[in-house]
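Chemist: Sequence:
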Amino acid sequence: MIERIRSALERCGISMWRINERVDETTELFFVKKQLDTRRTKDARKYEVTVFRDVEAKDGGKPGRGFTSIPVLPSMDGRQLEEELKGAYYAAQFAANPYFDLPDPVQAPMVEEAGELAQASLAQSAGKMARALFGPDVHEDAFVNSAELFVWRVRRRILSSEGTDVSFVNSGVDGEFVVQCKEPEDVEIHNQFEYDALDEEALSAKVAEALTFVRDRARAKRVLKSGKYDLILSGNAVMEVLSYYRDRSAAGMVYPKYSTWKPGDDVQEEAAGERLALTLRAFHPYSPEGIPTGEDLPLLEDGKLLAWHGPNRFCRYLGVKPTGNYQKIACGNGTVPFEELKKGPCLWAVTFSDFQMDAMSGHFGGEIRLAYLIEADGTVTPVTGGSVNGSILEAQKDLTFSTDRYLTAWYDGPYAVRLSGVSVAGTEE
Numbered sequence: 032m033i034e035r036i037r038s039a040l041e042r043c044g045i046s047m048w049r050i051n052e053r054v055d056e057t058t059e060l061f062f063v064k065k066q067l068d069t070r071r072t073k074d075a076r077k078y079e080v081t082v083f084r085d086v087e088a089k090d091g092g093k094p095g096r097g098f099t100s101i102p103v104l105p106s107m108d109g110r111q112l113e114e115e116l117k118g119a120y121y122a123a124q125f126a127a128n129p130y131f132d133l134p135d136p137v138q139a140p141m142v143e144e145a146g147e148l149a150q151a152s153l154a155q156s157a158g159k160m161a162r163a164l165f166g167p168d169v170h171e172d173a174f175v176n177s178a179e180l181f182v183w184r185v186r187r188r189i190l191s192s193e194g195t196d197v198s199f200v201n202s203g204v205d206g207e208f209v210v211q212c213k214e215p216e217d218v219e220i221h222n223q224f225e226y227d228a229l230d231e232e233a234l235s236a237k238v239a240e241a242l243t244f245v246r247d248r249a250r251a252k253r254v255l256k257s258g259k260y261d262l263i264l265s266g267n268a269v270m271e272v273l274s275y276y277r278d279r280s281a282a283g284m285v286y287p288k289y290s291t292w293k294p295g296d297d298v299q300e301e302a303a304g305e306r307l308a309l310t311l312r313a314f315h316p317y318s319p320e321g322i323p324t325g326e327d328l329p330l331l332e333d334g335k336l337l338a339w340h341g342p343n344r345f346c347r348y349l350g351v352k353p354t355g356n357y358q359k360i361a362c363g364n365g366t367v368p369f370e371e372l373k374k375g376p377c378l379w380a381v382t383f384s385d386f387q388m389d390a391m392s393g394h395f396g397g398e399i400r401l402a403y404l405i406e407a408d409g410t411v412t413p414v415t416g417g418s419v420n421g422s423i424l425e426a427q428k429d430l431t432f433s434t435d436r437y438l439t440a441w442y443d444g445p446y447a448v449r450l451s452g453v454s455v456a457g458t459e460e
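Numbering of the sequence shown is given in the numbering used here, commencing with residue 32 and proceeding in unit increments.
Take the hints with a grain of salt, since some may be wrong.
Claimed, not checked - Quick list of the computed label-pair ranges, beta carbon to beta carbon:
1. 92 with 384: 16 to 26 angstroms
2. 42 with 196: 14 to 24 angstroms
3. 125 with 434: 46 to 56 angstroms
4. 46 with 398: 47 to 57 angstroms
5. 233 with 409: 54 to 64 angstroms
6. 371 with 171: 48 to 58 angstroms
7. 225 with 101: 26 to 36 angstroms
8. 102 with 326: 38 to 48 angstroms
9. 217 with 54: 37 to 47 angstroms
In short, the hints are calculated from the structure, not lab data.
Idealized CB from N, CA, C, for every residue including glycine.
When you get a sec, could you build the whole thing from the sequences and use the hints?
Modeler: Right, here's the structure in full:
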């Protein structure tokens with residue numbers, strides 16, 4: 032199919048292009064309680080073609096450069112394929128951006144993954160993770176209501192008119208499960224997970240924690256008062272808050288001046304708590320543009336920005352070497368064991384209906400489904416209702432991270448963080 036696409040591009044007179052090939056293998060398991068309801072396997076091949084077109088500048092300067100990406104189906108005949116490519120090339124002239132050089136060419140052998148998940152059959156890995164998921168489901172009052180589990184392996188190949196030809200394989204596990212407790216109130220909590228290794232221990236721990244949370248949610252009271260709290264966030268919420276630093280330092284935010292950050296800036300400013308140490312962790316050996324991304328990229332050290340990062344076009348505009356796309360965050364902070372972190376008056380918010388971090392404003396928040404109100408004398412009350420509305424620009428001045436760690440496909444860092452003086456809207460009855 033790739034040769035068919037290349038031939039069609041040549042016949043259409045398109046000289047600048049990129050082809051992304053993706054072959055997905057997936058085993059999917061669907062459970063109702065502990066019973067396997069449906070098993071599916073998929074094997075799909077997909078293609079995306081990006082065409083570039085230069086547009087002459089009216090002032091005689093450098094031409095603009097536009098591009099359009101389209102999906103291409105293996106079922107297309109030669110005529111359909113040429114029509115789609117010609118349409119994309121025509122549209123590219125109306126999406127002209129300031130001129131930028133295309134990524135430097137890279138040619139390398141196929142990059143294979145190591146580890147059990149990469150080597151074992153998908154069905155075997157799915158069975159192991161299913162047993163890990165239901166292992167903690169041994170209680171009568173709280174249980175896993177339903178679950179979906181996906182184990183996948185993806186083969187990618189990236190080619191370009193500049194000479195790039197690279198390919199790699201990566202595997203992963205993801206899915207979701209719903210835990211339920213019927214007494215004294217019938218409640219459910221939805222949970223998601225994603226790992227880039229066969230991490231049975233992490234999944235079992237997540238399910239066990241979720242069962243504890245849903246049991247406490249069923250007994251939670253609406254007694255939370257509005258005010259300022261020392262707020263503890265844990266799990267995925269920590270990753271969401273730290274995503275602010277990844278997103279604000281992205282070339283796509285800096286070039287249009289949504290962010291004024293530059294390497295060397297103290298982006299944490301006057302911090303009395305822990306100074307941030309963040310690294311962008313390599314996830315794929317190449318970005319979708321074929322840019323090498325196989326090495327970790329240090330982002331913050333002692334609260335100071337070390338580098339911009341991002342796709343080819345925006346890095347070219349900023350005059351820095353394109354790094355490609357990085358998403359996984361590794362945080363090196365952590366000074367206090369979690370049990371000590373939650374001592375003293377605080378609110379540990381553990382589940383939200385929708386927790387979000389706004390990279391433009393620095394605000395984070397969400398509606399509380401379950402939190403633990405911890406008093407000065409150690410009294411702990413499960414509470415529900417109300418919402419968190421904080422600003423990382425204020426909270427970053429006094430951060431304390433747990434030494435306990437948390438690992439997913441997109442985060443490797445402290446399990447929890449304590450933030451001082453965060454606004455909470457309560458719902459006291």
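Chemist: For each hint, tell me whether it holds in the structure or not.
Modeler: These are the hints, each one checked on the structure:
Taken as a hint, the range 16 to 26 angstroms is violated for the pair residue 92 and residue 384, whose Cβ atoms sit roughly 51 angstroms apart. Distance hint for residue 42 and residue 196: a CB-CB separation of about 21 angstroms, consistent with the stated range 14 to 24 angstroms. At about 54 angstroms, the CB distance of residue 125 to residue 434 agrees with the hint of 46 to 56 angstroms. Under the hint 47 to 57 angstroms, the C-beta atoms of residue 46 and residue 398, about 52 angstroms apart, fit the expected range.
The hint said 54 to 64 angstroms for the Cβ distance between residue 233 and residue 409, and at roughly 29 angstroms that hint is violated. Remark: the range hint 48 to 58 angstroms for residue 371 to residue 171 is contradicted by a beta-carbon distance near 33 angstroms. For the pair residue 225 and residue 101, the beta carbons lie near 28 angstroms from each other, so the given range of 26 to 36 angstroms is met. Separated by about 31 angstroms at the C-beta atoms, residue 102 and residue 326 break the suggested range of 38 to 48 angstroms.
Judged by the Cβ atoms, the range 37 to 47 angstroms given for residue 217 and residue 54 holds: they are separated by roughly 44 angstroms.
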